[in-house]
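**Student:** Chain residues, written in single-letter form:
Number of protein chains: 2
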Amino acid sequence: MKLARRGLLIILSSPSGAGKSTLSKRVLEDDPGVVFSISATTRSPRPGEVDGREYFFKTREEFQALVKSGGMLEHAEVFGNFYGTPLAPVEQAIASGRDVLFDVDWQGGQQIRNSKLAEAVVSVFVLPPSMAELEARLKRRGQDSAEVVKNRMAQSRAEISHWAEYDYVLVNDDVDKAEVNLRAIVQAERLKRARITGLNGFVQGLNEEYEAMQ
Amino acid sequence: MKLARRGLLIILSSPSGAGKSTLSKRVLEDDPGVVFSISATTRSPRPGEVDGREYFFKTREEFQALVKSGGMLEHAEVFGNFYGTPLAPVEQAIASGRDVLFDVDWQGGQQIRNSKLAEAVVSVFVLPPSMAELEARLKRRGQDSAEVVKNRMAQSRAEISHWAEYDYVLVNDDVDKAEVNLRAIVQAERLKRARITGLNGFVQGLNEEYEAMQ
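Residue numbers (the numbering used here), protein chains in the order written: chain R, 13 to 226; chain X, 13 to 226.
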């Protein structure tokens, strides 16, 4: 039985290398009820990037107008470019009972958690099993110099310091287990009484059915 | 990776016939982390009942002394006999990270939710898909007269009126699906940051590991 419900804003944060991207990709593939939040950015599209698929590409003026009018759920400036989450598509998605997954850092998470959609938020922090394992994963990517890996590790440590702001914490020592756990969190949150908007009507229906039986 | 955590008090309530007993039996069989709460009672043991297995059998004096000293998590009088949940075994179980399942009505649920173990409580209400289906299940048991079924239906309606006091609500139209959902709730609640007592130490370990790498 499918009762109407409000969708979730699933915030997934972790230090880089802890497996957050793999986890979100898997949940998006395996759970058709979850959609990915597409960010807006002022940086130029790279070859192959499509507006509305990788990003919504905006001019600085468009972007700042959205921020001013309260049309951005969260935003930040990174190396001179703006990145952010337009509010409207997220509101539409959750109104129709779809869940929106956000792959954001602690600052993005904090802004979403303090937005007007706060009640719909479920936040999950993914920890690595050890710093040695985190470093090994960063090195295995093989694209980055020792200096870049060192910087990422320092960033990772700073990101980890925000673990206690999240509702749920996963230690990702096995990505299969981590996915099962993340999906259990999503499924359980869908079953929270306060999120199932169709429950009032459903129980009223039971009462009317009972009366009619008398 | 297994971090230390505080166990849960899982309150499962539903009108009789909605499938609560089947559900709790299944979860107890399939999830070794969950144990059943054994009640105390002042009624006499029936043939085959063993003290400490079906019930803790107590005299009225013993029972009332426990209530007076705050040693009962919840209790009620039913047809002149007392029934209740001794606090000590529950506290021991959750301190060692086991989850305790309670098959109680809304009154028991309310007392446990307002007890000193409130923070460990997860409450789940199971609804029938329809009152016709509920009546059919009660009749299928075949043991009860039409009058008894009628009374049970009236009790069921009263029980259902308390659905909104619960954290989660399941509509049991398919017991396999309902079990999957109940187990997802239990698993997700285990992953709540605030319940994992080992997390502080674990993150401190990551920090120390990071420092040692510098």
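It cannot be assumed that every hint is accurate.
A pair holds if it fits inside one copy or across any two, identical chains being indistinguishable in the list.
Calculated cross-link-like contacts (lysine-lysine; reagent style DSSO-like; alpha-carbon spacing at most 30 Å) [said to hold, decoys possible]:
1) 151 x 80
2) 189 x 37
3) 189 x 80
4) 204 x 189
5) 70 x 204
6) 162 x 80
7) 14 x 162
8) 14 x 80
9) 128 x 37
10) 162 x 70
11) 80 x 204
12) 151 x 128
13) 14 x 151
14) 37 x 70
15) 37 x 204
16) 189 x 162
17) 151 x 70
Derived by calculation from the structure, the hints in this document are not laboratory data.
**Student:** Work down the list of hints and note, for each, if the structure agrees.
**Tutor:** Status of each hint after checking the structure:
no., hint, result
1, 151 x 80, "neither (41 Å within a copy, 63 Å between copies)"
2, 189 x 37, "both (15 Å within a copy, 25 Å between copies)"
3, 189 x 80, "neither (42 Å within a copy, 46 Å between copies)"
4, 204 x 189, "both (23 Å within a copy, 16 Å between copies)"
5, 70 x 204, "neither (37 Å within a copy, 38 Å between copies)"
6, 162 x 80, "neither (37 Å within a copy, 62 Å between copies)"
7, 14 x 162, "between (49 Å within a copy, 29 Å between copies)"
8, 14 x 80, "neither (38 Å within a copy, 46 Å between copies)"
9, 128 x 37, "within (27 Å within a copy, 41 Å between copies)"
10, 162 x 70, "neither (33 Å within a copy, 65 Å between copies)"
11, 80 x 204, "neither (34 Å within a copy, 35 Å between copies)"
12, 151 x 128, "neither (40 Å within a copy, 49 Å between copies)"
13, 14 x 151, "between (46 Å within a copy, 26 Å between copies)"
14, 37 x 70, "within (25 Å within a copy, 56 Å between copies)"
15, 37 x 204, "both (25 Å within a copy, 22 Å between copies)"
16, 189 x 162, "within (29 Å within a copy, 47 Å between copies)"
17, 151 x 70, "neither (34 Å within a copy, 64 Å between copies)"
Checked against the numbered hints above, the structure breaks hints 1, 3, 5, 6, 8, 10, 11, 12 and 17 and satisfies the rest.
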